[in-house]
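Peer 1: Chain by chain, the residues:
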Amino acid sequence: MSTTITLGPQQLGLEEPMYFRVEVDGEQVTNLDVIAGHAHRGMEHLVMKRNLYQNITLLERLCSLCSNSHPSTFCVAVEEIAGIVIPERAEYLRCIADEIKRISSHLFNCAVLGHIVGETALFRWVMELREIMQECKETIYGNRMDLAANCIGGVRYDLDAEYTDYLWQQLERMKAPLEALYQRYAEEGPLRQRTEGVGILTPEAARHYAVVGPVARASGIAGDVRRSAPYAAYDRLNLEVPLRQEGDVRARALVRLTEAQQSVGLIQQALKNLPAGPLCATRLPEIPAGEAISKSEAPRGELIYYLQTDGTEMPLRLKWRVPSYMNWEALKPMLIGGPVADIPLIVNSIDPCISCTDR
Amino acid sequence: MSDTSSHPLHLFRINAGSCNGCDVELTVTEAVERFDVATLGCHYADTPEQAQIFLITGPLTTRLRQEVLALYAAAPAPKVTVAVGACGASCGVFRDSYAVSGPLEKEITVDLNIPGCPPRPQALLDGIAAAVRLYRQRRGETLPPLASASDVAVPERLRGAPRFAAAACVGCRVCAHVCAGGAIRFDDKEEGVALTLWENSCTFCGLCAHYCPSGALTLSNDWRRTHPQSQSYQQTVHGEVPQSPCSDCDASFTAAPPELLRRALGGTAAPIEPLRQLCPDCRRRHNLTFATRGVKR
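Residue numbers (the numbering used here), protein chains in the order written: chain A, 1 to 359; chain B, 360 to 656.
One should not assume that every hint holds.
[As the list claims (entries may be wrong)] Computed spacing ranges between beta-carbons, pair by pair: (1) B:E408 with A:D33: 39 to 49 Å; (2) B:K465 with A:D158: 34 to 44 Å; (3) B:A629 with A:R173: 45 to 55 Å; (4) A:T6 with B:K465: 21 to 31 Å; (5) B:Y592 with A:E179: 14 to 24 Å; (6) B:A397 with A:E187: 44 to 54 Å; (7) A:E179 with B:R522: 15 to 25 Å; (8) B:R532 with A:P339: 54 to 64 Å; (9) B:Y592 with A:D33: 26 to 36 Å; (10) A:E187 with B:T501: 29 to 39 Å.
To be clear, the hints were calculated from the coordinates, so they are not data collected in a lab.
The C-beta atom is built at its ideal place from N, Cα and C for all residues, glycine as well.
Build out the structure end to end from the sequences listed, making use of the hints.
Peer 2: In structure tokens:
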């Protein structure tokens, strides 16, 4: 006999108001629906009531975990419409900001995984490690979540020799713990037992649901916007896209941990090759009528912006496709047929971003 | 800053539709040792019924309104409510949306505000410590000593309370133009133009400072901003842009501040310095006379 239950953030241990209607038969999940909209703030309406400059700050708050991806992708769309070429130094600085955010975001997700499987010490340890990046963000950008790094035409922060050296040292501090963390998530008995073979998304299902980001890469699909459609300075940075075939909770965690390690390397590459020059190409440019699509690889996967302008400073239209929108539909094949007790673990494994998706 | 003199207090977090920034930072206050709320004698509760202090994030979306109010109502009085972040105080950048029912104070009694977007963990602890004191005060209990966050150096670039140097302002209003939270207003007065910045709507993004042509608006690294909700609308930065009389016609005008001239022209040479004291009309007349010297009519 099947019954329907509603699960919310309290039951799932989520930071965000994500709700599910789950049909269960005994201890087994037979169907589920995501109940969306709780964090809906009317963003599509709000962005059209704000000018292009105000939107830089507004969009940074569309979601705080991928908060740099939003304004930077938005600025790229504006720059494309206006034909603005940003300085090379700004391209590198945009990559650095993106990668710092990626490390923090991935580590937060891995920390929560530890929390869900009841390994409180691990949870606390990963959160402590993440603090190195949080301190970097506050020291360099002035806030631990929202970097305020972007402006139309470039960036509005700089790294002098002192800050470059500081960031380099902090990244060095990350290396050994990140490697140890990877080993632990890959090999440690109880953790492996709890995550291996759980919440499987086959490559076929991954393709069918068109999942993106680490969820796709853990199911053997090698998509990464930084490689397939490079923006900022990514075409000049050496990046290997991690790929796993298992498609389970463990694979998704390991892809994220590999990416965090690679992000450390990417930032160091960018610091080494950081060209001199101006930070921003323009001050308050006129933005003509036009439309543009821009894409980036946010921590959760491909983020798409569509912007239409009419020659005024108010956008005519701004639309998104955020990565979690693609990924949370794929929870169905991951969860159906599995035990109810695995729901929190599997939901966390797609690193769902509700504030992005509900907007 | 430990408080072991009396029974521990329980905190309950409610996400009222936030961007998750404040929530992620609140997680830090239960995961990271030096920011642990346990140092304030507090613990996070699993249910609202157990809690004495409520930490509410987000602008209160219309969709979540009922649920937030129900969770809040589940706790017995007395309780202390803390609006965390700019959203809790004013809906922040999300104000004026059909989908937002905040600010919180419209629906429930808010006791304290912790400004920030999001506030750093030190600021969260500062605010929670104030909430603990308020709760104990209401119960007539012994007050814990005032908490003082660690004296570790505050990052120079930390984006904290805004500062306004009225003498450097040119009244161009670009700051108000780029402010996503609508925190800045200019008022035209006979004596000149006045700027008011409401900190409870400010996200400390610094875009105003970035675009300010003369360095009049800046962000300090002052992050201790917790205040009672009753003072929320008094948390302002205010300044009147001074006017001076034209050295020729005596009309009042706003002279270009030296910082603007330095940025725009790399400074001014002594011979043109007197031009600063002329109102736009007189300056034009002066320049025209200067330019047409020796020209036969």
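Peer 1: Does 34 to 44 Å hold as the CB distance between K465 (chain B) and D158 (chain A), or does it fail?
Peer 2: Given about 42 Å between the Cβ atoms, the range holds.
Peer 1: Taking the CB of R532 (chain B) and the CB of P339 (chain A), does the distance hold inside 54 to 64 Å?
Peer 2: This hint holds: roughly 60 Å between Cβ atoms.
Peer 1: Given the range 29 to 39 Å, decide if the beta-carbon distance of E187 (chain A) to T501 (chain B) lies inside it.
Peer 2: Violated - the Cβ-Cβ distance for E187 (chain A) and T501 (chain B), about 51 Å, lies outside 29 to 39 Å.
Peer 1: Starting from the range 44 to 54 Å, see whether the pair A397 (chain B) and E187 (chain A) falls in it by beta-carbon distance.
Peer 2: violated, 32 Å
Peer 1: Okay, A629 (chain B) versus R173 (chain A) on CB: inside 45 to 55 Å?
Peer 2: The hint (45 to 55 Å, Cβ to Cβ) holds, given that A629 (chain B) and R173 (chain A) are roughly 53 Å apart.
Peer 1: Should the hint that Y592 (chain B) and D33 (chain A) are 26 to 36 Å apart at their CB atoms be regarded as holding?
Peer 2: Given a distance of about 43 Å, which is not inside 26 to 36 Å, the answer is violated.
Peer 1: Is 15 to 25 Å right for how far apart the beta carbons of E179 (chain A) and R522 (chain B) are?
Peer 2: With Cβ atoms ~44 Å apart, the hint is violated.
Peer 1: Quick check on a hinted range of 14 to 24 Å for Y592 (chain B) and E179 (chain A), using CB atoms only.
Peer 2: Because 52 Å falls outside the window, the suggested range is violated.
Peer 1: With 21 to 31 Å as the target window, see if T6 (chain A) and K465 (chain B) comply at their CB atoms.
Peer 2: holds, 28 Å
Peer 1: E408 (chain B) and D33 (chain A), beta-carbon distance inside 39 to 49 Å?
Peer 2: violated, 29 Å
The structure shown violates the earlier hints numbered 1, 5, 6, 7, 9 and 10.
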